[in-house]
Amino acid sequence: MPKNFIKELEWRGMIHDIMPGTEEALMKEMAAGYIGFDPTADSLHIGSLVQIMTLVHFQKAGHKPIALVGGATGMVGDPSGKSQERNLLDEETLQHNVECVRKQLERFLDFDCGENSAEMVNNYDWFKDMSFLEFIRDVGKHISINYMLAKDSVKSRMETGMSFTEFSYQLVQGYDFYYLNKHKNCIVQLGGSDQWGNIVTGTELIRRKSGNEAYAVTTPLIKKADGTKFGKTEGGNVWLDSKRTSPYKFYQYWLNSSDEDAENYIKIFTLKSKEEIENLIKEHREAPHLRILQKTLAEDVTNRVHGKKQLQTAIAASKILFGKSTEEDLKSLSEEDFFAVFEGVPKATISRDEIQNGLGMIDALSAKTGFLKSNGEARRELKGNAISVNKTKVKEDFVITPEHLINDKYILIGKGKKNNYILIVE
RNA sequence: GGGGAGAUACUCAAGCGGCCAACGAGGACAGACUGUAAAUCUGUUGGUUUUUACCUUCGCAGGUUCGAAUCCUGCUCUCCCCA
Numbered sequence: 002m003p004k005n006f007i008k009e010l011e012w013r014g015m016i017h018d019i020m021p022g023t024e025e026a027l028m029k030e031m032a033a034g035y036i037g038f039d040p041t042a043d044s045l046h047i048g049s050l051v052q053i054m055t056l057v058h059f060q061k062a063g064h065k066p067i068a069l070v071g072g073a074t075g076m077v078g079d080p081s082g083k084s085q086e087r088n089l090l091d092e093e094t095l096q097h098n099v100e101c102v103r104k105q106l107e108r109f110l111d112f113d114c115g116e117n118s119a120e121m122v123n124n125y126d127w128f129k130d131m132s133f134l135e136f137i138r139d140v141g142k143h144i145s146i147n148y149m150l151a152k153d154s155v156k157s158r159m160e161t162g163m164s165f166t167e168f169s170y171q172l173v174q175g176y177d178f179y180y181l182n183k184h185k186n187c188i189v190q191l192g193g194s195d196q197w198g199n200i201v202t203g204t205e206l207i208r209r210k211s212g213n214e215a216y217a218v219t220t221p222l223i224k225k226a227d228g229t230k231f232g233k234t235e236g237g238n239v240w241l242d243s244k245r246t247s248p249y250k251f252y253q254y255w256l257n258s259s260d261e262d263a264e265n266y267i268k269i270f271t272l273k274s275k276e277e278i279e280n281l282i283k284e285h286r287e288a289p290h291l292r293i294l295q296k297t298l299a300e301d302v303t304n305r306v307h308g309k310k311q312l313q314t315a316i317a318a319s320k321i322l323f324g325k326s327t328e329e330d331l332k333s334l335s336e337e338d339f340f341a342v343f344e345g346v347p348k349a350t351i352s353r354d355e356i357q358n359g360l361g362m363i364d365a366l367s368a369k370t371g372f373l374k375s376n377g378e379a380r381r382e383l384k385g386n387a388i389s390v391n392k393t394k395v396k397e398d399f400v401i402t403p404e405h406l407i408n409d410k411y412i413l414i415g416k417g418k419k420n421n422y423i424l425i426v427e
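So the number in this note's numbering is just where the residue sits in the first sequence, counting from 1, plus 1.
There may be inaccurate statements among the hints.
If you anchor each label on the Cβ, the simulated ranges turn out as follows [to be verified]:
(1) Ile19 to Lys394: 34 to 40 Å
(2) Glu11 to Lys244: 34 to 40 Å
(3) Asn257 to Glu284: 15 to 21 Å
(4) Asp126 to Lys233: 17 to 23 Å
(5) Gln357 to Asp398: 15 to 21 Å
(6) Thr94 to Ser352: 38 to 44 Å
(7) Gly417 to Pro21: 49 to 55 Å
Derived pair list, reagent style DSS-like, types lysine-lysine, alpha-carbon separation capped at 27 Å [said to hold, decoys possible]:
(8) Lys310 to Lys250
(9) Lys275 to Lys29
(10) Lys225 to Lys250
(11) Lys310 to Lys374
These aren't lab readings, by the way, just hints derived from the structure by calculation. In this text, all values refer to a predicted model and were calculated from it rather than measured experimentally. Just so it is clear, CB atoms sit at the ideal spot from N, CA and C, and this is done for glycine as well.
With the hints as constraints, model all of the structure from the sequences given.
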């Protein structure tokens, strides 16, 4: 007897839309459900984390989650939410992306837990041998143009134009659902709210072709209280791949959530129970400055995505960068730890001679290193008391000498609270 | 095809012959406060320069003038109205 998956999502605020009858169908017996992931890049970003969590809950409720990586759909391009025709990725890149995304997804689900073990599929497997004629006869025949035209993803593009390729997308995805329904007894498709149209084309196709009932659940678009886009920083997307977004930055992203957002995120992105979360929220409201919610959230998510070791480094890095650490603390770090902490921080190398005679701050910030755009900017920041060397604020007349070197090799320059640069001497 | 309006720094948006590196707003960055928050206050936001000063910028190319973002000519692009 499965647990109530829908109720679980509901209190977490993870349901945007749901097809009538879904809850009943899922309560009856163990079912399979799937979510598709687009291989548009070689890593997923935290936007996809919502979908991943949905699958995790699905499995925890006793159902069988199927993660589909869209090798075939990726070749077509989903027009949902896109105002313009997209460029197609070449096959090689796509193949590479499929592999990477697959590996990432594998970390989150249990693939060996008996009958509701997770499964990973690639729709390229069933599309690669299908001919065009076969597709338009067996699939296209069941869905009318009128029906397809009524979709938002198509309607909104009537003015600007849309290729036949993208127009057909909903059928391709619809067929995925049909295929999984037929071969893996998959009765529900989950996804982001922008996927509603595509999912419904799938349930429609299933009903017409095989007479089965199929269901849909979509999750809301995650919003930030200040109106900016979730998952974006000045540096771009927040990715799950540590090569693209360092675990430290990843941890920081969650830690910097506003109070309001943190209350929502902790429900969506952690597996903590309702009671636990309610207690945390209560505790947080009593002592907001401790930021219990943000810390719990950041630790939980970073741990799940990057593992314990990376989380420890991220926490250590945060303490060093934001705590009351001193030059002594920096010097006590091993070289390995130092570079782990400052991974992703801009670095520049200068020769030992330059520092031997003393290196002026303007040269250190701009002329010799390019950390800042111009000498003028360097001068302004220095005047504004924004620059620190090895965690100590410095003035314009400060001169860097070999005795400031950490491990006789590098120097940490900071601008404000959040920007750091490393000067390496060789 | 005919007529009109416009193009200014990251964005919006003033300026309409010298006082313009260019009002103002937003954003961004920094400082104070704080919780690595929000709100608030302050500063900065083309380059070289300690200041002064100079250099490069107001769609592109020319021209008029002692002097142009501002006037003239041509070009490119955008928007609107009429066919």
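Cross-check of the supplied hints:
Checked against the hint of 34 to 40 Å, the C-beta distance between Ile19 and Lys394 comes to roughly 55 Å, which is inconsistent with it. The hinted range of 34 to 40 Å is satisfied by Glu11 and Lys244, whose Cβ atoms lie roughly 36 Å apart. In this structure, Asn257 and Glu284 meet the distance hint of 15 to 21 Å, their C-beta atoms being roughly 19 Å apart. For the hinted restraint 17 to 23 Å between Asp126 and Lys233, the CB-CB distance of approximately 33 Å leaves it violated.
In this structure the supplied range 15 to 21 Å holds for Gln357 paired with Asp398, their Cβ-Cβ distance being about 19 Å. A hinted range of 38 to 44 Å holds for the C-beta pair Thr94 and Ser352, which are about 40 Å apart. Restraint check, Gly417 to Pro21: a C-beta distance of roughly 53 Å satisfies the suggested window 49 to 55 Å. As the CA atoms of Lys310 and Lys250 are separated by approximately 15 Å, the hinted pair is consistent with the 27 Å bound.
Pair hint Lys275 plus Lys29 holds up; C-alpha atoms about 24 Å apart against a cutoff of 27 Å. Of the pairs offered as hints, the one joining Lys225 and Lys250 holds, with about 18 Å between alpha carbons and a cut-off of 27 Å not exceeded. Between Lys310 and Lys374 the alpha-carbon distance is near 36 Å, which puts this suggested pair outside the 27 Å criterion.
Comparing the model with each earlier hint shows violations of hints 1, 4 and 11; every other hint is respected.
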